Every structure is written in structure tokens, then in C-alpha cells.
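*Asks:* Turn these sequences into a full structure, and let the hints steer you where they fit.
Protein sequence lines, in the order shown, are assigned to chains D and G.
With my numbering, the residue at position 250 of the first sequence is 1207, and numbering never jumps.
With my numbering, the residue at position 123 of the second sequence is 157, and numbering never jumps.
In case anyone wonders, no lab produced these hints; they're calculated from the structure.
Quick caveat, the model's predicted, so the values are computed rather than measured.
There's no promise every hint is true.
Pair by pair, the computed Cβ-Cβ distance ranges are [claimed, not checked]: (1) G:Arg-222 <-> D:Thr-1201: 29 to 37 Å; (2) G:Val-67 <-> D:Val-1038: 25 to 33 Å; (3) G:Ala-111 <-> D:Gly-1020: 39 to 47 Å; (4) D:Leu-988 <-> G:Tyr-79: 49 to 57 Å; (5) G:Ile-273 <-> D:Val-1038: 22 to 30 Å; (6) D:Phe-981 <-> G:Ala-111: 30 to 38 Å; (7) D:Phe-981 <-> G:Ser-98: 49 to 57 Å; (8) G:Gly-68 <-> D:Gly-1081: 18 to 26 Å; (9) D:Arg-1210 <-> G:Leu-63: 25 to 33 Å; (10) D:Ile-998 <-> G:Arg-206: 54 to 62 Å; (11) G:Ser-134 <-> D:Lys-1122: 54 to 62 Å; (12) G:Val-166 <-> D:Val-1205: 37 to 45 Å; (13) G:Gln-193 <-> D:Ala-971: 21 to 29 Å; (14) G:Leu-198 <-> D:Tyr-1179: 48 to 56 Å.
Here a beta-carbon is modelled for each residue, glycine too, at the ideal position from N, C-alpha and C.
Here's the letter readout for the chains.
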Amino acid sequence: MSAATLQRGSIAPALLGLGTLLVFIVLVEMLIRVGVINRYIVPLPSQIVMSFGRLVTEEDIFGRFRLTFFEALSAGALIAVVGVAIGILLYRVNLLRLACETWIAALASAPTVLMYPLFLVIFGRSAATIIMMGFVAGLPPVILKTLEGLSQTRRVLINVGRSFKLGPMQMFIKILFPAALPTIFVGLRLGLIFTLINVVGIEFLIQFGGLGQLINDLSERYDLPGTYGAICFVILVSVLFFITMERVERWLRPAE
Amino acid sequence: MVEAGRITQGAVLQARAQPVTQVRVAIILVILVGWELLAQSGLLYRDVVPSLGKIGMAVVTLLSDRDYYWNLGVTAAEIAAGLAIGGISGLLVGIVLGGSRLLGRAFEPYIYYLGPTPKIIFFPVMIMWFGVGSGSKIAMGVISCFFPIALSVAAGMRQIDKVLIRVGRSFRANAWQMVMKIYLPAMRHPVINGVRLGLGVALIGTLLAETRLSNQGIGFLIYQAYTLFDMPRMYAMLIVLFVIAIGANAIVGWLGGLHTLQRN
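*Replies:* If you want it as C-alpha cells, here you go:
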């Protein structure tokens, strides 16, 4: 089910989903209060909601969010520049494309995130490690989708360019790149999702940086409401990010 | 005539494949030579880029180490358990959401948007719920693979030919028979695709959890190599792991007939 399909339709399913979620939260609250669920393992949902204020004032969650956002943005800029450039290179040099395309696809399915101890040795426990890990994880989809977008440019558009006797550079700027842009953005969206997942994940694992480190800190202090609250915040940020990216992608997609 | 056509086509494909192979060999050689030169140059700290000989030796030592296979077995068992639990629950949820328009629209958005969130952040919670042993690693595998499998199955359910469902109902098949005889065979490809995606993320979830807090498994060995600064061993483990992960991914896709689907 695509996101567009998910969002269409009557309000009843949305109310059912939201209502079930609220009933579930209230049920958990009651089960903890009567002692069925151990409150030293699962904190009261009301405590989690109350912890948000503390996360903002004492833990500077928005400052940490800015740091994570900066790391994800840096890695995102890198994957956009390098990924699109490699995609264009592979489109131009067909032999290189035939040789490398399957390798890049294999790299996309490889667990590259496990290379983080290696990156720790090379770049140290710093933002560079986090940005580079985000870059490595997000690069393959951008290359593959750039290549796909350029290759699928409609013949008639290329013929229009030829009939206007466009040079190779003009052909690329006026015809190929605009036609491939929606597909390139699909790759960029996927790449940025992988980048964000890796940035937060590596922050948590190497205990450095923004939101990931905050979750690690709070859990090590055994601040249960704070840990659950910070996890909810990361989920909220991720979901808002995905929705925004989807909206931009739909805006870029040509009308069918 | 047909035979001659086939021979010509084969010859053309072979002629086209030859330069591709040459380019691939050239790229590999450039990378290997570049690596060796970097290793010998001393530009980076010692052993950050070990020589190819050292890495090769480390791979041989690793593959002849019985302890490695025991840890590989631990990780494989954790991934298999995570995939089994997450896969079955994802399958059931996918069938329910894909089979009902109302439930699909009510709950699928939550699965759709929760799917790509970073799962490793749930690890502290999983430790509290399931302890520091294998339980928390299996749980990480479960929450990693549940989402892609549930979404693939739900999408697969909606693509089933309605005629097949009517055939099942006209035979008065019960719910179990409908799942086993109609739904699963009809949506074999989306299910296998979901399992393939699920396997990849379950592997990452389990191994990352092992690197964070564990005393067994491949993730633990990789992190141990980092703490001991045994770089050739770390490279060797990453190489072997990548080969296993890409191989497992290809095998699952091949078993599910995805290669024929792609070709068609």
C-alpha cells in the first residue's frame, strides 16, 4: 500500500487506528498500576509524557536534535553530490556500468553498518565517523536510481533535444537531468532514510553526538521514563522526516 | 537456422562480456595495488591499512579457527530464531491487514512509518525486557524483520487474483486451508522478497546488538578485534561476513524464484 493510498479514504480507519493506540496506552497504564507489568521494566505512559519537559530543559533534546540533523545533513549532501556524480559517470561510460552495477547492488544489500569499528579506528570517536557511516549506507541507492532515471529518459525527449541540435552539456542540463530528477529523488529519499538510521544508530553505538547518545546516556542512568521518552522523540522525528520526503517526492513526480 | 541464430547470439554476448570482465579485473587490480601501496607507504597509522598478505593470513587463520565457527553458530541461531518469530508474526499481521480493507487502512500506516526507524535505539529496552544474553539479540532480530515482512505480505495479499480466492471459498476451504492452499502459494514472490529484506535487517539488528553488549557471536568478535586493535582479524571477519550476507541474500532470492521473476 503506497503512502498516498494510506492517506486517502474516509476518516473511520484513521479513528480506529488512533483509538486502538490510545486504548492500548491506557491498558498498559492500568496493568502497570495494578502490578501486572513490572514498573521497573516498563514505566507508566503518563511518566513518559511527563518526562518530555525534563528532556527539553535538562537534557537539551533540541540541541542534540540539531547535532544529529547536522550530521545527517552533511552525510546527505555527500551522498547527493558523490552518488549523482557516480551515477552520471556510469551512465556515460556503458562498459563501466556493465562492470559495476551488480557490485553496487550487492553493496546495497551488504551489512555495511558493521564496519563502524573500522571507521572508529580510521576517523576516531568523532562526528566524522558518524557522517562517513551515514555516507556509506546511503550511497548505493542514489547511484542506482540516478543511473535508472537517466537510462529511462523517454526517447522522444532526447529526439527533441537532437532536433534542436543541443550539445552534450545542453542535452544533459535541459533534457536528461530534468527528466531523471523524480527518479533521482526516489534514490535520494531512500539514501537519506538509510543515512538517518545509521547516523542515530552509530551515535548510540559509539556514545557520541546527538539523539542516539542521549538514549544511551539515559538508559545507563536507568532513567526509564527518559529513555522511553527519548525513543518516542526519535521515532517522531523519523516519521516526520519520512512524511516530508514523501511529500517532496510526490511534488517532483510528473503527473500521469 | 535457429541453431545458427543461437550461436551468433552467444558469440555476441561472449564478445560483449569479455571487455566487461577485463574492466572488472582491472578495477580489482587497481584497488588491490592501491591498498598495498597505501599499506606500505606508512601514510596512515600502522596496521590501520594492513598489507594484503596479513589480511589473507588472517582470513585463513579465521576460517581454521573452531572458536569462530562456534560464535558463527551462536549468531546464526539468534538470527534464525529472530527471523522465525518476526517472520511468522509478520506473516500473520500481513495476512490480516492485507485481507481487510478497514484494518489495513487503520493499522498499516503505523507499520509503514515505523518500519524505517532506527531499530538499534530499542536495544536498551530489549535488554531490560529480555536480559543481556541471546534473548535481547533475538528480540532485536524480531523487531528488525517484522516490519518489511508484514508490509510485503500485506501488499502481496492485495495482489492475489480474486478468482483464486473465490475458488477457495467455493470449495468451502477453512481459514487455515485458505492460507496454506491459496494465499501463500499465490503470493510466494512478495513473501520471499519480504523474507529476503527481513533477513538482511535481522542480520544487521542482531549483529549490531552483539557489538554493543555481548560475550558471544560474530558481532562480539568484531568488536573484540577493535578493542584489541587486531586490524587484520577485523578485516578478515568483515570480508567473511559480507560474503556470507550477500550469499544468503542471493540464495533466499534464488530459492524463491526471484531470478526468474526479474528475467520475465
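*Asks:* With reference to the structure, classify each hint as holding or not holding.
*Replies:* Okay, the hints, checked on the actual structure:
1. Range check, G:Arg-222 to D:Thr-1201: Cβ separation about 35 Å, and the 29 to 37 Å hint holds.
2. Taken as a hint, the range 25 to 33 Å holds for the pair G:Val-67 and D:Val-1038, whose Cβ atoms sit roughly 27 Å apart.
3. Taken as a hint, the range 39 to 47 Å holds for the pair G:Ala-111 and D:Gly-1020, whose Cβ atoms sit roughly 42 Å apart.
4. The hinted range of 49 to 57 Å is satisfied by D:Leu-988 and G:Tyr-79, whose Cβ atoms lie roughly 54 Å apart.
5. Between G:Ile-273 and D:Val-1038 the C-beta distance comes to about 29 Å, which sits within the given range of 22 to 30 Å.
6. The hinted window of 30 to 38 Å between D:Phe-981 and G:Ala-111 holds, with their beta carbons roughly 32 Å apart.
7. For D:Phe-981 paired with G:Ser-98, a C-beta distance near 52 Å keeps the hint of 49 to 57 Å intact.
8. Roughly 23 Å separates the CB atoms of G:Gly-68 and D:Gly-1081, a value that falls within the hinted 18 to 26 Å.
9. For D:Arg-1210 paired with G:Leu-63, a C-beta distance near 42 Å fails the hint of 25 to 33 Å.
10. The hinted range of 54 to 62 Å is not satisfied by D:Ile-998 and G:Arg-206, whose Cβ atoms lie roughly 47 Å apart.
11. Separation of G:Ser-134 from D:Lys-1122 is about 58 Å and conforms to the stated range, judged on CB atoms against 54 to 62 Å.
12. For G:Val-166 and D:Val-1205, the hinted distance range of 37 to 45 Å is satisfied, since their beta carbons lie about 42 Å from each other.
13. Taking 21 to 29 Å as the suggested C-beta distance range, the pair G:Gln-193 and D:Ala-971 conforms, at roughly 24 Å.
14. Between G:Leu-198 and D:Tyr-1179 the CB atoms are about 54 Å apart, so this pair conforms to the stated range of 48 to 56 Å.
Figure legend: structure checked against the earlier numbered hints; hints not met, in rising order: 9 and 10.
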